[in-house]
Amino acid sequence: MGLEQKLGDMGFVTVRLEEAVNWARTNAMWPMLFGLACCAIEMMAAQASNYDLSRFGMELMRASPRQSDLMIVAGRVTRKMAPVLRRLYDQMPEPKWVISMGDCASTGGVFNNYAVVQGVDEVVPVDVYVAGCPPRPEALIHGIITLHEKVKGEKLVKWA
Amino acid sequence: MRTPVILEDGMSNVTLSAVSLDEIKHLVSDRAIEGETVLLNMGPQHPSTHGVLRLLLELDGETIVNCVPDIGFLHTGVEKNMEAKRYLQAEVMTDRLDYLNTMGNNLVYCLAVEKLVDLDVPPRAQAIRVIMTELQRIASHLVWLATHALDLGAMSVFLYCFRERENILDIMEMVSGQRMMTTYFRPGGLWRDVPVGFEEAVRQFLRLFPARIEQYEDLLTNNPIFIDRTKGIGVLSKEDALAWGLTGPIIRGSGIPYDLRKVQPYSGYEQYDFDVPTREEGDVYARYLVRMEEMRQSLRIIRQALDGLPYGPVRSNNRKFVPPPRSEIGTSMEALIHHFKIWTDGFPAPKNSVFISVESPRGELGVYLEGDGGNKPYRVHFRTPSFVNLQALPMLSKGHLVADLVGIIGSIDIVLGDVDR
Numbered sequence: 001m002g003l004e005q006k007l008g009d010m011g012f013v014t015v016r017l018e019e020a021v022n023w024a025r026t027n028a029m030w031p032m033l034f035g036l037a038c039c040a041i042e043m044m045a046a047q048a049s050n051y052d053l054s055r056f057g058m059e060l061m062r063a064s065p066r067q068s069d070l071m072i073v074a075g076r077v078t079r080k081m082a083p084v085l086r087r088l089y090d091q092m093p094e095p096k097w098v099i100s101m102g103d104c105a106s107t108g109g110v111f112n113n114y115a116v117v118q119g120v121d122e123v124v125p126v127d128v129y130v131a132g133c134p135p136r137p138e139a140l141i142h143g144i145i146t147l148h149e150k151v152k153g154e155k156l157v158k159w160a
Numbered sequence: 161m162r163t164p165v166i167l168e169d170g171m172s173n174v175t176l177s178a179v180s181l182d183e184i185k186h187l188v189s190d191r192a193i194e195g196e197t198v199l200l201n202m203g204p205q206h207p208s209t210h211g212v213l214r215l216l217l218e219l220d221g222e223t224i225v226n227c228v229p230d231i232g233f234l235h236t237g238v239e240k241n242m243e244a245k246r247y248l249q250a251e252v253m254t255d256r257l258d259y260l261n262t263m264g265n266n267l268v269y270c271l272a273v274e275k276l277v278d279l280d281v282p283p284r285a286q287a288i289r290v291i292m293t294e295l296q297r298i299a300s301h302l303v304w305l306a307t308h309a310l311d312l313g314a315m316s317v318f319l320y321c322f323r324e325r326e327n328i329l330d331i332m333e334m335v336s337g338q339r340m341m342t343t344y345f346r347p348g349g350l351w352r353d354v355p356v357g358f359e360e361a362v363r364q365f366l367r368l369f370p371a372r373i374e375q376y377e378d379l380l381t382n383n384p385i386f387i388d389r390t391k392g393i394g395v396l397s398k399e400d401a402l403a404w405g406l407t408g409p410i411i412r413g414s415g416i417p418y419d420l421r422k423v424q425p426y427s428g429y430e431q432y433d434f435d436v437p438t439r440e441e442g443d444v445y446a447r448y449l450v451r452m453e454e455m456r457q458s459l460r461i462i463r464q465a466l467d468g469l470p471y472g473p474v475r476s477n478n479r480k481f482v483p484p485p486r487s488e489i490g491t492s493m494e495a496l497i498h499h500f501k502i503w504t505d506g507f508p509a510p511k512n513s514v515f516i517s518v519e520s521p522r523g524e525l526g527v528y529l530e531g532d533g534g535n536k537p538y539r540v541h542f543r544t545p546s547f548v549n550l551q552a553l554p555m556l557s558k559g560h561l562v563a564d565l566v567g568i569i570g571s572i573d574i575v576l577g578d579v580d581r
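Those protein sequences? They're chains A and B, same order as listed. Numbering (this note's numbering) for the first sequence: 1 to 160. Numbering (this note's numbering) for the second sequence: 161 to 581.
A few of these clues could be false.
[What the hints assert, rightly or not] Result set (PhoX-like, lysine-lysine): computed pairs, CA atoms no more than 25 angstroms apart in a straight line: (1) A:LYS152 with A:LYS96; (2) A:LYS80 with B:LYS480; (3) B:LYS480 with B:LYS422; (4) B:LYS398 with B:LYS422; (5) B:LYS558 with B:LYS511; (6) B:LYS240 with A:LYS80.
[As the list claims (entries may be wrong)] Covered stretches of chain B (chain A as the covering partner; in silico rule of three or more C-beta atoms under 8 angstroms from a C-beta of chain A): (7) 204-211; (8) 238-252; (9) 256-264.
Hints are computed from structural coordinates only; laboratory data are not their basis. For glycine and all other residues, C-beta sits at the position ideal for the given N, C-alpha and C.
Use the sequences and the hints to build the structure in full.
Set out below in structure tokens:
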């Protein structure tokens, strides 16, 4: 890997705690198995063989919020679903992140009406918005990489 | 008594409501009130409910005594929104109803508009519509097979099915520019003709796919675990299927050869030679076999449609309803006026109402469209197959184990966007 030459045979490596923790967080970020509508199908496509999210250590989708780090809000959030979504978010342990996948989750999309929440950021804080109706799996992967960049820049002082 | 809980962090004004036993007393048996049976909530966040379906289960041990579906978690208000849009704009909403059958939704809506304003569709457009809808049917069945098998513990089928689904999505992207929400069919024909390379791409798929169906069957059809989980589970009798008004593969699995493509052909389906597969058993396994055979029949239809694909225009020549081709706009004043008129104001439809239905991968998909003389529909209503078929879930699941419920939900093949609209 090249790392061995740099280390010599010292058997240890020095790194800032922030970097080590952020490295660990980005490389095994477990998403919650949480599909709402059309985008969930593209999320499944991103999980499946052609796009293979396991390259990012994310092949393990947890149906339980208590075991997941990342909530991908895939699809339109209706007023009936919003309290459920918020409860699921509250049940996730810290640290947790939210990707708003697709136009409906981000802004309400084409559904500007009585039933749909106009953007999931009314209910939960969102880290990354992914545009598209539905976004291609590549777009979702781009959103995930963007989130990884964000997590890598997190500082120790903000953890507390 | 509803007790609303206001979230504390001030981020939202939504309320969580706790439901008391009094409120659901009429839904469950007396044994639940006495505490003899257990009430269990399943969903809306559950990996096996195929979306946001919530089920209230009453359990005696692990046996289901009663199952009450709670729908509406994906109620999007599509029908209401369509009333505020012009006929061409409203089509965009139909894609997002049953998001596994976008082409089929477009088709039924376009057929309804065409019937309402009495618009002709050229034969080439009809043939391409058939090809695309059948490809969509295969794609939909692939997602069904992937998730159904995944629910029953067969992970690898999921990966294989999505691999082939990508091939179909590539064809859709080729013709429409979008993978899922295509809006490719328009009232009076298609958005545009298929691009060069379409025929070769479809033929490539036709060559590849039969062997792939064999692969899935190798994995599942004689798999003892799969058979144990599906045979004799969720048996639907012929009489019940008719009495509940169910349609689609679910009743063909109970031995009723009802398929709208045969019974009431549309879009030129009468020209094609295909069988309606049926099974007599009526259980989850029978429905699985029916859908597998349907994919083969869809391939047959696609092959025939592609072999006999006529040349010619793909859009009606009726300029009052269909925008003129781009090339005419620079040379013809009339065409410019029509173009401007259609894209700014739409077209008026007569004060009349139509109902038309097609065979979607899940059953009879109907649309009721009422015009009021203006350029927007007065009322649009969808008769969606998932909504009707979901009624059968309590009946099918009674007396089975909770684990079998997962297989039964999968075999009904509901799409929550289709149920809740």
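We went through each hint and held it up to the structure:
no.: 1; hint: A:LYS152 with A:LYS96; in the structure: 14 angstroms, holds
no.: 2; hint: A:LYS80 with B:LYS480; in the structure: 42 angstroms, violated
no.: 3; hint: B:LYS480 with B:LYS422; in the structure: 32 angstroms, violated
no.: 4; hint: B:LYS398 with B:LYS422; in the structure: 19 angstroms, holds
no.: 5; hint: B:LYS558 with B:LYS511; in the structure: 46 angstroms, violated
no.: 6; hint: B:LYS240 with A:LYS80; in the structure: 17 angstroms, holds
no.: 7; hint: 204-211; in the structure: holds (count 5)
no.: 8; hint: 238-252; in the structure: holds (count 4)
no.: 9; hint: 256-264; in the structure: holds (count 3)
Consistency with the previously given hints fails for numbers 2, 3 and 5, ordered from lowest to highest.
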